[in-house]
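J.: Chain residues, written in single-letter form:
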Amino acid sequence: DSGVTQTPKHLITATGQRVTLRCSPRSGDLSVYWYQQSLDQGLQFLIQYYNGEERAKGNILERFSAQQFPDLHSELNLSSLELGDSALYFCASTPGTAEYNEQFFGPGTRLTVL
Amino acid sequence: AQSVSQHNHHVILSEAASLELGCNYSYGGTVNLFWYVQYPGQHLQLLLKYFSGDPLVKGIKGFEAEFIKSKFSFNLRKPSVQWSDTAEYFCAVRNDYKLSFGAGTTVTVRA
Chain G
1165 DSGVTQTPKH LITATGQRVT LRCSPRSGDL SVYWYQQSLD QGLQFLIQYY NGEERAKGNI
1225 LERFSAQQFP DLHSELNLSS LELGDSALYF CASTPGTAEY NEQFFGPGTR LTVL
Chain R
86 AQSVSQHNHH VILSEAASLE LGCNYSYGGT VNLFWYVQYP GQHLQLLLKY FSGDPLVKGI
146 KGFEAEFIKS KFSFNLRKPS VQWSDTAEYF CAVRNDYKLS FGAGTTVTVR A
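So the protein sequences, as listed, match chains G and R.
So for the first sequence, our numbering puts the first residue at 1165; every next one is plus one.
So for the second sequence, our numbering puts the first residue at 86; every next one is plus one.
Keep in mind the hints are simulated off the structure, nothing from the lab.
In this text the structure is predicted, and so the values were computed from the model without any measurement.
One should not assume that every hint holds.
Computed spacing ranges between beta-carbons, pair by pair [stated by the list, open to error]:
1. 1229/G / 140/R: 38 to 48 Å
2. 140/R / 1180/G: 46 to 56 Å
3. 164/R / 1244/G: 48 to 58 Å
4. 1274/G / 167/R: 19 to 29 Å
5. 1221/G / 188/R: 17 to 27 Å
6. 136/R / 1215/G: 18 to 28 Å
7. 100/R / 1223/G: 35 to 45 Å
8. 155/R / 1278/G: 42 to 52 Å
9. 165/R / 1229/G: 40 to 50 Å
10. 1194/G / 145/R: 21 to 31 Å
Glycine included, C-beta positions come from ideal geometry on N, C-alpha and C.
One chain only, chain R, in its complex shape (with noise of 0.2 Å):
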C-alpha cells in the first residue's frame, strides 16, 4: 500500500530561521505531490504542487520543494520563515483518485 511519510512530528524554530520538511512516500510509478497548509482553525489549502518537469517547484508564500525521484522524496523549505508560518503542514501524493496524506508537521514559529 501506498504510504506517506513525514519526519517530524513538531518544529519549533524562531522567525528569520530556515525551515526544511521531509517527505518521502513509497509508491514506485507516477505520482502527483503536493504540500498544503492548514492554519490554526481554517481549512486546508494548497502550497504547491508537482506534476512533472522541473523538479524544483515554487509555491505560494515563499516555499518551495524539491522532487528527488531517487530518493522518493518531496521535501518543502522556506529559507526565512515569519510568525504567521505558523501552522499545520501535510505532504500529499495523489495517485489515481486518491489522495494520501502524511501525518502532517506542526510548525510553530517564536517571534
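Bound-form chain G, shown alone (with noise of 0.2 Å):
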C-alpha cells in the first residue's frame, strides 16, 4: 500500500458522458500528478498540481481538467468521453517538487466507456 489512494476502482459509462476520478496523496505529499495507462499509449503523465496550483501539463486533452482542493486532494475530470478514453487512470504524489522525489502511485481508476 502506497498510501494514495484513487476512487472509484471501477468506472463503466457511455460515450459523450462526463466522470469525475478521485485522488487523496499521502499524508504531507503536496504534489499530485496524474497519468494514463492504455494499450496503445502506454503510460502517459497528463497534468501535475503543486499545493493547489497546476504546475505541469502532458499530454492532456482539452476534454480532460484536473485541479487540487485546499485539502490537497485531486480530481481529473474527463468529458465528452469517447470510446478510445478507456483505460487505466493512475494518481501519483511526492511531498514536493524536487526532482529526486519519487513518485507514489495510487491503485488506479479503470474506466471503460462502452
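Put the complex together from the two separate chains, hints included.
T.: If you want it as C-alpha cells, here you go:
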C-alpha cells in the first residue's frame, strides 16, 4: 500500500458522458500527478498540481481537466468521453517538486467507455 | 522531444535464469532515472532510482541497474529470477516535473 488512494476503482460509462476521478495523496504530500495507461499509448503523463496550483502539463486533452483542493486531494474530470478514453488512470504523489522525489502511485481507476 | 525506449516487449524465462532489460533515453541533459514494477493487478512500485554518483544502483528484491551516460542507457538486471518476478517493468526518465515512461516490458517467469 503506497498511501495514495483513488476512487472509484472501476467506472463504466457511455460515450459523451462526463466522469470525475478522485485521488487522495499520501499524508503530507503536496504534489499530485495524473497518468493515463492504455494499451496503445502506454503510460502517459497528463498533469501535475503542487499545493493547489497547476505545475506541469503533459499529453492532456482539452476535454480533460483537473484541480487540487485545499485539503490536497485532486480530481480529474473527463468530459465528452470517447471509446478511446478507456484506460487505467493513475495518480501519484510526492512531498514536493524536487527532482529526486520518488513518486508513489495509487491503485488506479479503470475507466471503460461503452 | 524526450523519449524512453525499452527494447523488449515480452520476455519469457525460467526460474533461476538471469534477466536483463534494456532502456535507452533520448534526453541529453541531466536526468533522473527510475525503474518501476507493476505486478498483476497492482499499482506501480519503485524498484530503484539513479540521480548521481555510483552508476551501479542496487534496488529492492535483488534488482540492480547500470547507468551508462555515453550510451544513454539504464539497463535493469537480476542474476537469478523467481516466479514472483512475473510483472511488467517500466523504465522512466524524469526531466523537470515530468516523468516519461517507456512502453514497458512484460516479464513472465516459468516455474
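J.: The structure should be examined with respect to each hint, and the outcome stated for every one.
T.: Cross-check of the supplied hints:
no., hint, in the structure
1, 1229/G / 140/R: 38 to 48 Å, "holds (41 Å)"
2, 140/R / 1180/G: 46 to 56 Å, "holds (51 Å)"
3, 164/R / 1244/G: 48 to 58 Å, "holds (50 Å)"
4, 1274/G / 167/R: 19 to 29 Å, "holds (28 Å)"
5, 1221/G / 188/R: 17 to 27 Å, "holds (22 Å)"
6, 136/R / 1215/G: 18 to 28 Å, "holds (23 Å)"
7, 100/R / 1223/G: 35 to 45 Å, "holds (38 Å)"
8, 155/R / 1278/G: 42 to 52 Å, "holds (50 Å)"
9, 165/R / 1229/G: 40 to 50 Å, "holds (47 Å)"
10, 1194/G / 145/R: 21 to 31 Å, "holds (26 Å)"
In this structure, every one of the numbered hints holds.
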